[in-house]
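Q: Below are the chains, spelled out letter by letter.
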Amino acid sequence: MVLNIFTDIHNLLLEYMSEEATHITELILIAAAYLGIFAILGLLLVWLERRVAGFFQLRLGPNRVGPFGLFQTIADALKLVSKELTGTVKADSQLYRIAPYFVITTALMSLALIPFSQEIQAFDINIGLFFLTSVSSIGVIGIFLAGWASNNKYSLIGGMRTGIQMISYELSVGMAIVTMVVLAGTLQISEIIELQKDGWFIFQGHIPAVIAFMIFMIAGTAESNRVPFDLVEAESELGAGFHTEYSGMNFAYYFLAEFVNMFIIASIAVVLFFGGWLSPFGITDAIPFAGLFWFTIKVIGVIFLFMWFRWTFPRFRIDQLLTLEWKYLLPINMVNIVLMALMVWLGLTL
Amino acid sequence: MEEFLTDQLKTQEYFLNMGPQHPATHGVLRLLLKLDGEIIRNVDMDLGFIHRSIEKMCERNTYKQIIHLTDRLDYLSSHMNNEAVCLLVEKALNIEVSDRIKVIRTMMDELTRISSHVLWWGVMGMDIGALTTFMYGFREREMINDIFEETCGARLTMNYNVIGGLRYDLHENFVKRVKEFIKHFKKKLPEYDKLLTNNVIFRKRIEGVGYISEKDAVAYGLNGPTARGSGISCDIRKIHPYSAYDRVDFEEAIFTEGDSYARYKVRIQEMWQSLSILEQLVDKIPEGEYRVKTKAVIKLPEGDYLQRVEAARGDFGIFVKSTGQKFPYRVKFRSPGFANLTALNKMTQGLKIADLVAVLSTIDIVVPDIDR
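From first to last, the protein sequence lines are chains E and V.
Heads up: the first sequence begins at 1 in this note's numbering, then just goes up one per residue.
Heads up: the second sequence begins at 351 in this note's numbering, then just goes up one per residue.
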């Protein structure tokens with residue numbers, strides 16, 4: 001039925017090699033494909049950010065290189081790749097080198113769980129959401145290491161801020177997810193999406209779902225280090241924060257990972273609240289790969305929200321950031337989980 | 351537990367070198383911060399990175415030439431600085447300029463003030479993290495710069511004032527353009543409030559931050575909008591009116607809270623007042639000469655001369671000691687930014703690094719003005 005591209009490839013490989021070798025080759029192929037997706041996603045999102053910024057700031061944004069300036073970011077990436085990797089003499093060179101890979105690896109690992117459509121999801125395990133949250137926590141280490149190993153006071157302050165910020169806001173992200181898991185009753189991403197066939201969770205879950213969505217958006221912005229929570233690299237205070245001392249490709253890793261992380265946060269929001277790749281009222285359910293279209297549209301909508309925040313809001317101060325999390329978001333979140341549990345227990349959901 | 355922590359974990363204050371190359375110091379200002387974590391214990395200001403000895407250079411230039419040097423002090427209020435020199439010489443030589451000159455100078459002053467404050471507003475937002483304000487500020491600043499360009503031929507260092515009047519007559523489009531600008535700006539200024547002033551995060555960031563009492567403000571010699579945020583009446587336009595300021599009706603913007611938000615409000619209020627001054631004058635530019643004939647070589651009679659004007663950042667003063675030669679014997683510029691910057695340490699005691707940036711931008715310094 002569905003275009004059996006993946007099965008075809010599998011059979012083709014089986015003709016030439018043993019089963020184990022096929023398995024390994026397939027894994028490598030998938031990894032390569034995801035690396036490609038990673039780079040393309042990052043570059044496209046950077047382009048989108050710059051266009052949206054132009055839209056908000058009474059200017060055009062990149063529009064010279066290629067159609068609508070699409071190749072501008074590719075040109076920038078080429079420049080970054082070809083640049084010399086510089087570092088400070090007093091940096092802890094091994095930690096300094098390894099730090100970007102923490103960020104990029106965790107971003108890639110999270111990307112594997114993202115359901116681009118019904119057919120495209122590399123890794124659908126029954127603890128999907130749990131895996132996502134735990135993997136994305138590892139990414140903090142990369143930023144923290146970068147801040148420490150650079151041996152630069154600005155980087156260090158940025159790194160310390162990361163530690164404070166990411167650990168605090170992970171709680172809110174996690175708890176917002178837990179709220180929705182209470183409603184769904186499963187952690188597996190494909191099942192969560194299937195459950196939304198009759199109505200997206202944001203409608204099914206009434207008020208607790210809406211509250212969870214708002215908290216998720218706020219905490220998600222903080223998790224991806226974007227304005228108003230970009231204290232980690234607060235350019236007017238810290239220059240560039242944790243990646244002050246990074247150049248060339250190492251810098252590009254952080255830069256791309258930041259955008260891919262934003263994509264991941266937006267994807268989780270879409271999966272949890274807006275029905276993932278499901279089309280509205282099931283209009284295109286029969287068409288293969290149509291899910292990709294709906295998923296993209298929904299994710300771009302959420303990403304646009306993130307960008308809207310970024311180009312409108314000023315930045316929080318570190319103590320205000322913590323106040324917001326520990327005094328407001330966390331208590332609200334806890335009450336919200338109980339509310340959601342009560343609703344599910346009483347069968348009040350749609 | 352607490353004893354264990356204090357015994358086992360030693361914390362220590364450290365120094366952070368902010369600048370001379372740093373996005374938040376608005377030029378080449380070096381701040382040496384003594385920090386306890388993120389809390390500021392002390393701020394040392396290290397100046398002189400773009401010291402060009404302009405005061406000394408003035409001693410080797412004629413009075414006509416000095417005008418061009420004053421452009422390079424506070425480049426955002428270049429017209430006011432020029433005017434200070436011209437007023438000083440005109441007062442010393444008893445040159446009476448026509449009403450037309452006075453009115454045009456006043457209008458140019460106010461346009462400069464708006465363009466300077468608009469830039470400050472944009473940078474203020476940017477320092478606090480709202481990058482978009484910068485572009486919005488520049489939209490209005492471009493309009494003013496276009497007006498300047500048409501009349502003076504320059505956009506930043508205008509050199510429009512000469513001793514005894516103005517370099518050129520007004521461009522024929524001037525009145526029309528200024529009217530367009532007034533109409534445009536009246537619509538856009540409330541937009542500034544929507545975007546930044548009424549933003550919750552922004553208000554939380556600057557309300558109650560960077561407090562300086564009226565007494566301390568006087569002690570540090572603060573002036574201009576920075577002092578008016580602490581409730582001090584110090585507008586030279588009101589105290590010693592010059593040019594056409596005695597015939598226009600405007601209010602001195604004073605707020606008494608003494609925090610960053612008060613200083614912010616002062617500048618927003620000043621933009622409204624400048625707009626009202628422009629409105630009053632734009633239809634009433636008298637006919638007349640745009641320049642009074644002066645001697646080719648200007649020599650001030652022996653003595654001391656002082657002229658103050660209200661530049662965009664405050665009280666800009668020029669002191670000249672003349673021995674009757676064509677060069678001044680000594681020149682001293684009293685720049686508003688220098689006095690205002692000295693209070694930075696007092697204002698930021700116990701605040702966070704992020705607050706330092708916010709406070710610094712409400713002081714609104716221009717480093718060439720401080721270093722001279």
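There may be inaccurate statements among the hints.
Stated by the list, open to error - Using C-beta positions, here's what the derived DEER-type ranges look like: (1) V:Asp357 - E:Leu322: 44 to 54 angstroms; (2) V:Arg553 - E:Pro331: 18 to 28 angstroms; (3) V:Pro540 - E:Leu322: 29 to 39 angstroms; (4) V:Asp633 - E:Leu322: 33 to 43 angstroms; (5) E:Ala31 - V:Gly387: 18 to 28 angstroms; (6) V:Phe354 - E:Gly248: 37 to 47 angstroms; (7) E:Gly248 - V:Arg680: 26 to 36 angstroms; (8) V:Thr361 - E:Tyr328: 23 to 33 angstroms; (9) V:Pro540 - E:Arg59: 14 to 24 angstroms; (10) E:Leu292 - V:Asn523: 12 to 22 angstroms; (11) E:Ile332 - V:Pro540: 51 to 61 angstroms; (12) V:Glu564 - E:Leu305: 55 to 65 angstroms; (13) E:Ile332 - V:Arg505: 49 to 59 angstroms; (14) E:Arg59 - V:Lys537: 13 to 23 angstroms.
By construction, these hints were calculated from the structure, which means they are not laboratory data.
Yeah, the Cβ is synthetic: ideal placement off N, Cα and C, and Gly gets one too.
Q: If you check each hint against the structure, which ones fail?
A: Hints 1, 4, 5, 7, 10, 11 and 12 are the ones this structure does not satisfy, whereas the remaining hints hold.
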